[in-house]
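If you're matching positions, the sequence shown starts at 124 in this note's numbering and goes up one per residue.
Rather than coming from a laboratory, the hints here were simulated on the basis of the structure. Treat the hints loosely; a few may be bogus.
[To be verified] Heads up, simulated BS3-like pairs for lysine-lysine below, C-alpha to C-alpha not over 27 angstroms straight-line:
id: 1; residue 1: K511; residue 2: K464
id: 2; residue 1: K222; residue 2: K331
id: 3; residue 1: K214; residue 2: K360
id: 4; residue 1: K212; residue 2: K202
id: 5; residue 1: K214; residue 2: K133
id: 6; residue 1: K202; residue 2: K137
id: 7; residue 1: K464; residue 2: K519
id: 8; residue 1: K274; residue 2: K225
id: 9; residue 1: K382; residue 2: K331
id: 10; residue 1: K206; residue 2: K329
id: 11; residue 1: K360; residue 2: K133
id: 12; residue 1: K329; residue 2: K214
id: 13; residue 1: K225; residue 2: K331
id: 14; residue 1: K181; residue 2: K133
id: 15; residue 1: K274; residue 2: K212
id: 16; residue 1: K206; residue 2: K222
id: 17; residue 1: K225; residue 2: K202
id: 18; residue 1: K212; residue 2: K329
id: 19; residue 1: K382; residue 2: K511
id: 20; residue 1: K453; residue 2: K471
id: 21; residue 1: K225; residue 2: K212
id: 22; residue 1: K331; residue 2: K137
id: 23; residue 1: K222; residue 2: K202
id: 24; residue 1: K222; residue 2: K171
id: 25; residue 1: K144; residue 2: K212
id: 26; residue 1: K382; residue 2: K202
id: 27; residue 1: K144; residue 2: K225
id: 28; residue 1: K225; residue 2: K214
id: 29; residue 1: K471; residue 2: K520
id: 30; residue 1: K206; residue 2: K137
id: 31; residue 1: K206; residue 2: K181
id: 32; residue 1: K453; residue 2: K360
id: 33; residue 1: K214; residue 2: K202
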Amino acid sequence: MNELWNSRTKQYQKMVMRYLKYVLNDHLILALLFFGGGIGLAYSNWLKEIHPGTWYIKPLVLIGGVLLTLLGNPVLLLKLPDKVFLVPKEKDIHQYLGKSVKRSLISVVLPTLIGNIILFPLLALEYHHVEAAVAITVTIFLGSMANVLRKYQTLYFDTSLSQMWFHLVVMLIAVGLGVWFSPMGGLILMAINLIFRVVLLNQVFKTKRFNWNHAIDLENSRMQRLYHFFSLFTNVKQVGAEVKRRKYADGLVHILSGKPTLFTYLYPRIMIRSGNQGSLMLRLLLLGMVIEGYSQQIPLKVIVGGLTIYLMVIQMVDIYRPVHENVFIKIYPVSPDAAEKDLLSVMKRIILISAIFLTLIGLISNLSWNFLVASVVTQGIVAVILLKWFIPRYIKKLN
Numbered sequence: 124m125n126e127l128w129n130s131r132t133k134q135y136q137k138m139v140m141r142y143l144k145y146v147l148n149d150h151l152i153l154a155l156l157f158f159g160g161g162i163g164l165a166y167s168n169w170l171k172e173i174h175p176g177t178w179y180i181k182p183l184v185l186i187g188g189v190l191l192t193l194l195g196n197p198v199l200l201l202k203l204p205d206k207v208f209l210v211p212k213e214k215d216i217h218q219y220l221g222k223s224v225k226r227s228l229i230s231v232v233l234p235t236l237i238g239n240i241i242l243f244p245l246l247a248l249e250y251h252h253v254e255a256a257v258a259i260t261v262t263i264f265l266g267s268m269a270n271v272l273r274k275y276q277t278l279y280f281d282t283s284l285s286q287m288w289f290h291l292v293v294m295l296i297a298v299g300l301g302v303w304f305s306p307m308g309g310l311i312l313m314a315i316n317l318i319f320r321v322v323l324l325n326q327v328f329k330t331k332r333f334n335w336n337h338a339i340d341l342e343n344s345r346m347q348r349l350y351h352f353f354s355l356f357t358n359v360k361q362v363g364a365e366v367k368r369r370k371y372a373d374g375l376v377h378i379l380s381g382k383p384t385l386f387t388y389l390y391p392r393i394m395i396r397s398g399n400q401g402s403l404m405l406r407l408l409l410l411g412m413v414i415e416g417y418s419q420q421i422p423l424k425v426i427v428g429g430l431t432i433y434l435m436v437i438q439m440v441d442i443y444r445p446v447h448e449n450v451f452i453k454i455y456p457v458s459p460d461a462a463e464k465d466l467l468s469v470m471k472r473i474i475l476i477s478a479i480f481l482t483l484i485g486l487i488s489n490l491s492w493n494f495l496v497a498s499v500v501t502q503g504i505v506a507v508i509l510l511k512w513f514i515p516r517y518i519k520k521l522n
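Produce the complete structure using the sequences and hints provided.
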């Protein structure tokens, strides 16, 4: 089992390093420097405006601390065939998982450290004692490690104390005790919880049966998140299309469909259920709304509004491609122009909804007729260009 873990670790590290050379490029480093500097400056200015004893500091620290204790996932490096070929070695799986636990605990240190660095100025401002701030910081570190051990317990059958609600209650009590009453008391309680988790996990390793299906599904989910992150910078062959029903988006689907026809039924569902295009549209819209909400410059807000709509449409128009390439569409007794007309109908609704949100958010930070008129005119011009020229030209090129 030790040899298997060492072999899997070398393969995993080799894969990560191969993709990291595309992730850690000069453009990303510069963007992170500017973004981090801007966020840091804003955070520093905000800290200067608040005073010790402000009512929301302790709730903010409590929420941030509990969220940090939820970080971390088991690094299992298991593969689908393992549930067949490694079953005869299940009695020795605890040796493999022991190596995995150490790796997972080390991997949770960095994100927890970054979160604690962000929280530390608030702790220093509120408590005026380094010992108290350090005690709460260590409490959060121990909580994140306890959470990792809890997740390892879920890999086995019949482990009721590994439930998420139980962990949340303990974290709220321990971090809340440290924030409001006694930082050292919260640290001691969290240390006891961590020791309890270590003892319980050792018992689980010896007495419970390993849930191979759940462990492999958990590792596949972690790897897919990692592959999706790498796919933002380069092509990753392991990333595939994932289509699923998203019930929370049914209302949006009905709004975009409008009058139900064959293609107005298909386009919104392709967009929402595929995940990639729908999430991209949402991210672009949220980014545009954030910029418009915080900016005071009317020209910048108007340009961002028009650019956001333009980027959303040129990304969403690709939903026409799978419909056009479906051979059954050519067999159905429907008009050849119906697909184009329905696509324009769906795009009109996307543009209208996006324009309303962008304009309303912009009015919150700059309530003026000048902005309202400029925003409506600019977004109207962009909409006309997209609907009358870009989309028909795109469809004609595919046909």
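Status of each hint after checking the structure:
no.	hint	result
1	K511 x K464	holds, 12 angstroms
2	K222 x K331	holds, 18 angstroms
3	K214 x K360	violated, 35 angstroms
4	K212 x K202	holds, 15 angstroms
5	K214 x K133	holds, 24 angstroms
6	K202 x K137	holds, 17 angstroms
7	K464 x K519	holds, 13 angstroms
8	K274 x K225	holds, 13 angstroms
9	K382 x K331	violated, 56 angstroms
10	K206 x K329	holds, 19 angstroms
11	K360 x K133	holds, 20 angstroms
12	K329 x K214	holds, 8 angstroms
13	K225 x K331	holds, 20 angstroms
14	K181 x K133	violated, 44 angstroms
15	K274 x K212	holds, 22 angstroms
16	K206 x K222	holds, 19 angstroms
17	K225 x K202	holds, 19 angstroms
18	K212 x K329	holds, 14 angstroms
19	K382 x K511	holds, 21 angstroms
20	K453 x K471	holds, 25 angstroms
21	K225 x K212	holds, 21 angstroms
22	K331 x K137	violated, 33 angstroms
23	K222 x K202	holds, 16 angstroms
24	K222 x K171	violated, 45 angstroms
25	K144 x K212	violated, 37 angstroms
26	K382 x K202	violated, 47 angstroms
27	K144 x K225	holds, 26 angstroms
28	K225 x K214	holds, 20 angstroms
29	K471 x K520	holds, 21 angstroms
30	K206 x K137	holds, 24 angstroms
31	K206 x K181	violated, 47 angstroms
32	K453 x K360	violated, 31 angstroms
33	K214 x K202	holds, 18 angstroms
Taken one by one, the earlier hints fail for this structure at numbers 3, 9, 14, 22, 24, 25, 26, 31 and 32, listed in ascending order.
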